[in-house]
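Read top to bottom, the protein sequences are chains W and G. Residue numbering for the first sequence follows this note's numbering, beginning at 1 and increasing consecutively. Residue numbering for the second sequence follows this note's numbering, beginning at 164 and increasing consecutively.
Worth flagging that the hints you see were computed from the coordinates, not collected in a lab. Computed from a predicted model, the values in this text were never measured in an experiment. We treat Cβ as the ideally placed atom computed from N, Cα and C, and that holds for glycine.
Where chain G lies over chain W, by a calculated footprint (3+ residues, C-beta under 8 Å):
1. 88 to 101
2. 133 to 143
Ranges of calculated distance between the beta carbons of each label pair, as one might list FRET restraints:
3. S72/W <-> K262/G: 22 to 30 Å
4. D293/G <-> A64/W: 49 to 57 Å
5. E29/W <-> L250/G: 42 to 50 Å
6. I148/W <-> P248/G: 20 to 28 Å
7. K256/G <-> E71/W: 22 to 30 Å
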Amino acid sequence: MVTMTYGATMNHIYQSSDLAGSRRKEIVEAAQRGPTLLRTPSGEGVAMLPQAELEHLAAIRDHAVCFLMLESALRRPRDERRAADFGAWAFAVSLDEDQLQEFRDDTNDALMRACAGVNTMDSLIVQWRATAEFMADEDALAALDDAIDAFVDVARPDEVEGA
Amino acid sequence: MRSSTLLAPTRSKEPEPLPAGTSGKSNYAPYQPARRPGGKPDRKPVWRVVVHRKDQDKWDALAGRVGLQSAQRVWDHLAAQPDLPPLIGQCQKLRGMEKFVKDGWSSIYHYEVSSMGRLDFQYNRHHQADPEKEPCPVVRILRIDLSSH
Numbered sequence: 001m002v003t004m005t006y007g008a009t010m011n012h013i014y015q016s017s018d019l020a021g022s023r024r025k026e027i028v029e030a031a032q033r034g035p036t037l038l039r040t041p042s043g044e045g046v047a048m049l050p051q052a053e054l055e056h057l058a059a060i061r062d063h064a065v066c067f068l069m070l071e072s073a074l075r076r077p078r079d080e081r082r083a084a085d086f087g088a089w090a091f092a093v094s095l096d097e098d099q100l101q102e103f104r105d106d107t108n109d110a111l112m113r114a115c116a117g118v119n120t121m122d123s124l125i126v127q128w129r130a131t132a133e134f135m136a137d138e139d140a141l142a143a144l145d146d147a148i149d150a151f152v153d154v155a156r157p158d159e160v161e162g163a
Numbered sequence: 164m165r166s167s168t169l170l171a172p173t174r175s176k177e178p179e180p181l182p183a184g185t186s187g188k189s190n191y192a193p194y195q196p197a198r199r200p201g202g203k204p205d206r207k208p209v210w211r212v213v214v215h216r217k218d219q220d221k222w223d224a225l226a227g228r229v230g231l232q233s234a235q236r237v238w239d240h241l242a243a244q245p246d247l248p249p250l251i252g253q254c255q256k257l258r259g260m261e262k263f264v265k266d267g268w269s270s271i272y273h274y275e276v277s278s279m280g281r282l283d284f285q286y287n288r289h290h291q292a293d294p295e296k297e298p299c300p301v302v303r304i305l306r307i308d309l310s311s312h
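Chain W with its partners taken away, still in its complex shape (with noise of 0.2 Å):
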């Protein structure tokens, strides 16, 4: 779990010179707290901040894009989708209408957690793959409808090789 600490430490810029100066260590443990702003010769902001912070805020954007794109998908009538219209989640091309939906919703919680500094996304993500999968194997699909005829034991794999 990241911790977002905005605000925390942003009532305070200090100046790019401050590096140079005594403040050196003092902003190295802001920044380690949370966001910390330096003001630079010319007047830019620059933020620093933990690295995992960071790594989180860019697989919030990352996975926000993601949302965009189903959404985006999902407007359009199914006959006309595309995988490549789903961007990184084009796994999802194979679900069907009331999957896409739960998918949707599935995202959608996991999103708003992640703002919140719990990513629940990635698991989610593997999840919902292995079901992507499923979907699109159509033997698989028809084994559901297929009676026990159709199946055959299988003993313990040490047994089958005979060892």
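Assemble chain G onto chain W, guided by the hints.
Okay, now just chain G, sitting in the frame of chain W:
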């Protein structure tokens, strides 16, 4: 060339006399192979495990793909307690598949054997293949994926 005397056996070919008080029979069997790792299942199988005919070749190839011990672990889990989380490995219910829970069959579970193999299965506690026979617990493997992640 080495002298042949260097290769001569250092022990006599005649067996040495046994120490007094021993019968001469020993459990020590130097030419018997050691028991293979993994051993037999701890418990007697409870569930009948079946795989779709189309995937039988994949099942046969599973041990070669993921390793014998991992393949045995999957079978042990399915035959003993498919309705509980495995002791080792990951097994999760597939999302969005509740519509396929019918006729006594459970949700579909996704078992990650390793990065080289996965399988999806359902279980039925009281499956009755023949009305004249007693229902029995069955696990059916619907899909085996031997591709690498």
